[in-house]
Amino acid sequence: MEKTIKKSSLSISNNGLEKKPAAKRLEVLKTYKIYIGGQFPRTESGRYYIPVNAAGEKLANVCLCSRKDFRDAVVSARGAFSGWSGRAAFNRSQILYRMAEMLEGRKAQFIEELMKQDSTKSKAEKEVNLAIDRLIYYAGWCDKFQQLFSAVNPVASSHFNFSVPEPTGVVAIIAPQQDSLLGLVSVMAPVIAGGNTCIILASETKPLCAVTLAEVLHSSDLPGGVVNILTGKPAELQSWMADHMDVNATIYCENNSEVQQLIQQKSAQNLKRVFLCRKELGKP
Amino acid sequence: MAVKAKKTARKSNTIKLKFDTSWSYDPAPESKSAASIKPKYDHFINGAWVKPAGGKYFDSINPANEEKLSEVADGNEADVNKAVSAARNAYEQTWQKMPAKERAKYIFRIARMVQEKARELAIIETLDGGKPIRESRDFDVPTAANHFFYYAGWADKLEYAFPNRKTSALGVAGQIIPWNFPLLMAAWKIAPALATGNTVVLKPAETTPLTALKLAEIIQESDLPPGVVNIITGAGATGADIVNHPDINKIAFTGSTDVGKLIQRAVAGTNKRVTLELGGKAANIIFEDAPLDQAVEGVINGIYFNQGHVCCAGSRLYVQESVAKQVIRKLKDRMETLIVGDPLDKNTDIGAINSRQQLDTIQRYIKIGKQEGAEMYESSCRLPGKGFFCRPTLFTNVAQSNRIAQEEIFGPVLSVLTFRTDDEVIEKANNSPYGLSAGVWTDKGSKIFNLTKRMRAGVVWANTFNKFDPTSPFGGYKESGFGREGGFAWVIALCEFN
Chain A
1 MEKTIKKSSL
11 SISNNGLEKK
21 PAAKRLEVLK
31 TYKIYIGGQF
41 PRTESGRYYI
51 PVNAAGEKLA
61 NVCLCSRKDF
71 RDAVVSARGA
81 FSGWSGRAAF
91 NRSQILYRMA
101 EMLEGRKAQF
111 IEELMKQDST
121 KSKAEKEVNL
131 AIDRLIYYAG
141 WCDKFQQLFS
151 AVNPVASSHF
161 NFSVPEPTGV
171 VAIIAPQQDS
181 LLGLVSVMAP
191 VIAGGNTCII
201 LASETKPLCA
211 VTLAEVLHSS
221 DLPGGVVNIL
231 TGKPAELQSW
241 MADHMDVNAT
251 IYCENNSEVQ
261 QLIQQKSAQN
271 LKRVFLCRKE
281 LGKP
Chain B
285 MAVKAKKTAR
295 KSNTIKLKFD
305 TSWSYDPAPE
315 SKSAASIKPK
325 YDHFINGAWV
335 KPAGGKYFDS
345 INPANEEKLS
355 EVADGNEADV
365 NKAVSAARNA
375 YEQTWQKMPA
385 KERAKYIFRI
395 ARMVQEKARE
405 LAIIETLDGG
415 KPIRESRDFD
425 VPTAANHFFY
435 YAGWADKLEY
445 AFPNRKTSAL
455 GVAGQIIPWN
465 FPLLMAAWKI
475 APALATGNTV
485 VLKPAETTPL
495 TALKLAEIIQ
505 ESDLPPGVVN
515 IITGAGATGA
525 DIVNHPDINK
535 IAFTGSTDVG
545 KLIQRAVAGT
555 NKRVTLELGG
565 KAANIIFEDA
575 PLDQAVEGVI
585 NGIYFNQGHV
595 CCAGSRLYVQ
605 ESVAKQVIRK
615 LKDRMETLIV
625 GDPLDKNTDI
635 GAINSRQQLD
645 TIQRYIKIGK
655 QEGAEMYESS
665 CRLPGKGFFC
675 RPTLFTNVAQ
685 SNRIAQEEIF
695 GPVLSVLTFR
705 TDDEVIEKAN
715 NSPYGLSAGV
725 WTDKGSKIFN
735 LTKRMRAGVV
745 WANTFNKFDP
755 TSPFGGYKES
765 GFGREGGFAW
775 VIALCEFN
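The listed protein sequences correspond, in order, to chains A and B.
Oh and the first sequence: position 223 is 223 in our numbering, straight run, nothing missing.
Oh and the second sequence: position 247 is 531 in our numbering, straight run, nothing missing.
Treat the hints as calculated values from the structure; they're not laboratory data.
None of the values given here were measured: they were computed from a predicted structure.
All clues stand as given, with none of them false.
Take a look, some chain B residues computed to stay more than 12 Å from chain A by CB distance:
| id | residue |
| --- | --- |
| 1 | P323 |
| 2 | D343 |
| 3 | K366 |
| 4 | R372 |
| 5 | R393 |
| 6 | R396 |
| 7 | K401 |
| 8 | E404 |
| 9 | I502 |
| 10 | L576 |
| 11 | S639 |
| 12 | K654 |
| 13 | E662 |
| 14 | R675 |
| 15 | E691 |
| 16 | K731 |
Selected chain B positions facing chain A (in silico; Cβ < 10 Å):
| id | residue |
| --- | --- |
| 17 | N430 |
| 18 | T541 |
| 19 | R549 |
| 20 | A552 |
| 21 | L560 |
| 22 | L562 |
| 23 | W745 |
| 24 | F752 |
| 25 | P754 |
| 26 | E763 |
| 27 | F766 |
Heads up, the beta-carbon is just placed ideally off N, CA and C, and yes, glycines get one too.
Using the sequences and the accompanying hints, generate a full structural model.
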């Protein structure tokens with residue numbers, strides 16, 4: 001990749017001098033970073049991997065996140081938890097709606113990325129639309145689920161007794177692997193709508209939209225640390241994600257029964273709630 | 285002058301509370317004759333009493349005098365297989381097909397029979413577990429009956445609980461319950477499972493199996509179809525056989541956090557649903573504006589209720605510094621008045637520790653507390669010569685990091701810590717791997733709501749403690765487990781949404 005860049009930049013400088021026919025403008029490539037605590041670092045490990053699409057094109061030098069990255073992300077998710085869970089439900093709702101607005105505005109970019117990652121134009125369009133609509137759906141849930149699941153309990157003693165659902169805490173999510181955007185949005189939105197904070201490991205083979213989504217989140221008034229997005233290999237990180245003592249729940253969306261078992265077993269370390277999503281969740 | 289008056293006023297706040305300690309009570313024992321305990325109990329499988337496959341029995345003793353009460357069957361894998369297949373069969377052949385309103389009537393019937401036999405159940409509960417008769421009579425048994433009564437009504441109303449969602453039962457529920465509230469826990473688990481159309485294999489704790497077996501007699505008498513409820517007895521190994529049985533759809537466990545973790549690991553990779561209600565180290569918080577005498581009563585109830593064998597016991601007391609001296613004084617005075625002794629005596633406040641093993645655990649923690657530099661105070665009461673007893677104890681000068689402030693003791697041992705500000709106490713109270721319950725004592729409503737919102741605990745009691753009701757959901761945060769029991773939250777855990 002680097003080589004290509006150098007070549008084309010050379011040809012540009014030649015252009016000016018040698019008055020050849022006007023060359024194409026050099027595309028500015030994006031460095032795909034991760035998103036921790038509202039900032040965009042590369043992985044602390046300095047490692048990268050290069051996912052390739054079906055046509056064999058290299059997608060990018062994507063961060064190959066380490067266990068340390070995950071631990072850093074947990075620290076920021078924990079730090080953001082009390083603030084985020086303490087926000088008014090109405091405010092969380094507004095922020096989720098804002099995400100949908102921002103995503104709508106960047107539709108073209110996501111469609112392009114999805115197409116780079118083997119989607120067709122119409123499929124990509126559909127996926128982005130669904131992702132936007134799903135954010136709006138969950139934006140509406142923020143200030144409703146509590147009402148639906150709360151109760152004033154008619155206890156037999158002379159006490160006033162009520163129960164309300166409260167957020168679980170920090171959630172470690174391994175995003176659905178088969179799609180780049182919709183699966184990730186589908187697991188992220190309900191988690192943060194409920195006042196939790198999370199660390200999401202993006203699809204290993206299709207990580208581009210996850211990184212770009214971080215930019216959407218960043219411009220949606222979402223406080224830093226509420227959503228942390230990492231890229232890398234689930235096979236490397238999944239056991240640390242289920243193991244970490246300051247994570248309260250894990251979400252895993254694939255049907256690999258060995259990994260399901262591993263995550264459930266490791267989660268018992270501190271009695272994490274484990275959610276194994278149904279496959280159709282991530283499907284556009 | 286003014287200064288002096290103030291001084292006396294403060295002094296009078298810390299004078300010894302007048303509880304008329306010189307008053308002595310004559311013994312008022314409840315009669316054992318109102319209860320009948322068979323010398324030997326088999327498993328209750330498929331509506332009948334079945335001898336254990338291994339032919340082994342173990343003793344259930346009275347912890348207050350170490351005398352044998354009865355012997356009960358020791359379950360093994362073959363027994364569990366039998367019970368599960370009976371439950372599966374009953375689920376498929378009868379219980380699942382039965383109209384919900386008929387299911388409800390069976391559960392109502394059981395509730396009534398528990399009420400009818402309340403006195404007998406209370407006596408046996410006290411004999412077998414060591415808890416004061418006052419508690420088994422006024423709390424355990426009536427609340428158990430209430431649970432059956434409450435959940436009975438849910439059976440034919442599930443469609444209203446989840447509008448537009450069709451629910452169905454899960455199948456066979458394996459339920460493992462602890463020794464601190466034997467009958468109540470059995471009711472707590474069985475009633476909602478039956479209401480939602482599941483069938484049950486239940487194992488009571490090995491030290492307190494008798495009331496569950498009496499409940500089996502009631503179930504038999506109620507004509508509940510055979511196999512809908514199966515009760516097998518045994519120790520941890522029998523419990524493990526239930527957890528590992530491939531034909532069980534749901535595991536509900538109440539007990540220690542360590543065993544809860546084992547269960548979560550054991551069911552990994554299976555389709556079993558799990559709810560775990562585990563240990564706790566509840567913070568009970570007294571603010572300076574609280575009605576102190578009431579708060580002291582609440583703290584005493586919070587930690588010494590049921591000898592402290594309560595997962596949600598208020599075992600960490602946080603007192604605001606300005607009133608700490610007073611509160612500790614009052615606590616010590618009140619502790620002196622607690623009557624420790626024969627659980628069958630109606631005047632007894634604190635009965636017997638459930639088992640030798642648990643008494644050892646408690647004494648080990650008391651030693652640890654002293655070694656860690658905390659200051660121990662115990663009531664000066666006399667203990668009976670026989671049986672397992674422990675004086676009500678409290679520790680002052682406790683550090684947040686001390687083991688007696690972090691680990692669950694499950695006995696009548698209170699750790700007292702102090703704080704200055706709201707933020708500080710919230711931070712300290714939440715600094716625990718557990719999160720089952722908490723208590724707040726203050727006159728200010730705003731403080732109550734601030735704390736309930738920020739406390740990472742499943743239940744927060746305000747100006748009261750240890751209040752339970754079938755309509756009120758109960759369950760933990762963090763390592764206190766997951767899932768809610770009580771209210772219609774429990775219904776969710778027992779239904780499949782189609």
